[in-house]
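J.: Protein chains in written order, with the working numbering: chain G, 1 to 34; chain E, 1 to 447.
Source of the hints: derived by calculation from the structure; they are not laboratory data. These figures come from a predicted structure and were not determined experimentally. Every residue, glycine too, gets a C-beta built ideally from N, C-alpha and C. Do not rely on the hints blindly, as some may be mistaken.
Simulated pairs of lysine-lysine, DSS-like, Cα-Cα distance not exceeding 27 Å [what the hints assert, rightly or not]:
id: 1; chain 1: E; residue 1: Lys41; chain 2: E; residue 2: Lys398
id: 2; chain 1: E; residue 1: Lys170; chain 2: E; residue 2: Lys41
id: 3; chain 1: E; residue 1: Lys260; chain 2: E; residue 2: Lys430
id: 4; chain 1: E; residue 1: Lys309; chain 2: E; residue 2: Lys402
id: 5; chain 1: E; residue 1: Lys41; chain 2: E; residue 2: Lys174
id: 6; chain 1: E; residue 1: Lys222; chain 2: E; residue 2: Lys309
id: 7; chain 1: G; residue 1: Lys27; chain 2: E; residue 2: Lys309
id: 8; chain 1: G; residue 1: Lys27; chain 2: E; residue 2: Lys174
id: 9; chain 1: E; residue 1: Lys41; chain 2: E; residue 2: Lys260
id: 10; chain 1: E; residue 1: Lys260; chain 2: E; residue 2: Lys402
id: 11; chain 1: E; residue 1: Lys41; chain 2: G; residue 2: Lys27
id: 12; chain 1: G; residue 1: Lys27; chain 2: E; residue 2: Lys170
To list a few chain E residues with every Cβ distance to chain G over 12 Å, as calculated [claimed, not checked]:
id: 13; residue: Thr53
id: 14; residue: Leu76
id: 15; residue: Arg79
id: 16; residue: Asp175
id: 17; residue: Val188
id: 18; residue: Arg232
id: 19; residue: Pro238
id: 20; residue: Phe284
id: 21; residue: Asp304
id: 22; residue: Val343
id: 23; residue: Val384
id: 24; residue: Ala399
id: 25; residue: Ser403
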Amino acid sequence: MRRPLIVFAWLWVGLPLVYGLEELVRKVIPLFSS
Amino acid sequence: MGFLDRSRTVAPADWNRWLIPPAALSVHLAIGQAYAWSVFKSPLEGALGLSGTQSALPFQLGIVMLGLSAAFGGTLVERNGPRWAMFVSAVCFSSGFLISALGAWTSQFWLVVIGYGFVGGIGLGIGYISPVSTLIKWFPDRPGMATGIAIMGFGGGALIASPWSTQMLKSFGKDHTGIAESFAVHGVVYAVFMSLGVLLIRVPAEGWRPPGWEPAVAVVNKMITTANVSARNAIRTPQFWLLWVILCFNVTAGIGILEKASPMIVDFFSGTATPVAVAAAGGFVALLSLANMAGRIVWSSTSDLVGRKNIYRIYLGVGALMYLVIALAGNVSTALFVVCAMVILSFYGGGFATIPAYLKDLFGTYQVGAIHGRLLTAWSTAGVLGPLIVNAIADGQKAAGKSGPDLYTNSLYIMIALLVVGLVANELVKPVAARFHEAAELEEASR
Chain G
1 MRRPLIVFAW
11 LWVGLPLVYG
21 LEELVRKVIP
31 LFSS
Chain E
1 MGFLDRSRTV
11 APADWNRWLI
21 PPAALSVHLA
31 IGQAYAWSVF
41 KSPLEGALGL
51 SGTQSALPFQ
61 LGIVMLGLSA
71 AFGGTLVERN
81 GPRWAMFVSA
91 VCFSSGFLIS
101 ALGAWTSQFW
111 LVVIGYGFVG
121 GIGLGIGYIS
131 PVSTLIKWFP
141 DRPGMATGIA
151 IMGFGGGALI
161 ASPWSTQMLK
171 SFGKDHTGIA
181 ESFAVHGVVY
191 AVFMSLGVLL
201 IRVPAEGWRP
211 PGWEPAVAVV
221 NKMITTANVS
231 ARNAIRTPQF
241 WLLWVILCFN
251 VTAGIGILEK
261 ASPMIVDFFS
271 GTATPVAVAA
281 AGGFVALLSL
291 ANMAGRIVWS
301 STSDLVGRKN
311 IYRIYLGVGA
321 LMYLVIALAG
331 NVSTALFVVC
341 AMVILSFYGG
351 GFATIPAYLK
361 DLFGTYQVGA
371 IHGRLLTAWS
381 TAGVLGPLIV
391 NAIADGQKAA
401 GKSGPDLYTN
411 SLYIMIALLV
421 VGLVANELVK
431 PVAARFHEAA
441 ELEEASR
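Turn these sequences into a full structure, and let the hints guide you.
T.: Listed below in structure tokens is the structure:
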């Protein structure tokens, strides 16, 4: 029920979160490479 | 109130409950920006000639207003419904940025304090509690998971805002006009982003139940009540104050590490064969943010399976053990130190996310949002207590000529003691006495 709306709503909040996580991973890498 | 009225938000029969978590997340991911305020501190200090203490004022006032508006606005949120609450939150949070933009543009710092701290802070508090009771009503079978998703958003908000705001300041410039433009864009973007929550949020129709779920079958644990307690009565019960102590000390213990994470890891390994560079310490802080966020959803969901009392036994008991390992053998290995700190931070996040479900178990769903709002004063207290303990002890030890792990050992033992007190408080939590319960007709209305 209302599957397109559910997909849209989760993408709305999920995409910014993925961006934030990607940036976080970039910061974590030096901790293990030093 | 028309569109915002609670009666206009009753879900139609075909409404899908999986639309409610993204509605809640759109608010929590936005207001979680508060933890990324530090991005603006240094540019504001340079552009407006402020000290570090002054540039922290908007954030500090914002957190105070979060606690106050959650505590005093909780009953209003219950009465007017989640759409009204999310709308008020979006308006206040976005206006806060726009007022701050005016302040930065005209170099009037007091406008930034009033805008971001006071007006935006009201948005933080109302937004934080806005989806809680609605999520619990939509997910009576998995309340821990549902509130865990939303409150995870508050942890995730800073992950998004920190690189985004940094990039924006780089593009617009770090002078007062660049900061003003950044604030203005934040205000507009967050207004649009949060509007999804305002549009999507629905309360379940009276008598709605998840398919195949029956409360009489689900309730086999005497720690999960079928009665309801009002917010006014809840603060008269020992259970409320025991949970207050538990939340306050669990948060204090987490903040104890968060506050000094970067210098702490550098100091711990300064005299060893594997020193940690300042740049790498930034990675450690990022890992702690991840653990904080993941703990909110993972531990809170786990609490649906093992029970709320048991999960707090883990947060407080295992948390104290992790602190002990850091105190006794933290500088033996970087990996050991990082893992222990991550576990503590995951418990910190888990403690925040599980508390609404614990409240629901003890006080019912009737005014759980308002009770949650009152309990958040424990967070405000911990926000002062945690940094105070760690900073005061580290400064004192430094003045006494100590260095390395010795700067933090005493604070670590204090955190262990606080967690043990929280553990004892958790053991004392019993079902709420029947004299605090609401009459049956109110209970029926709340379902």
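J.: Which hints, by number, does the structure contradict?
T.: Violated: hints 3, 4, 7 and 20.
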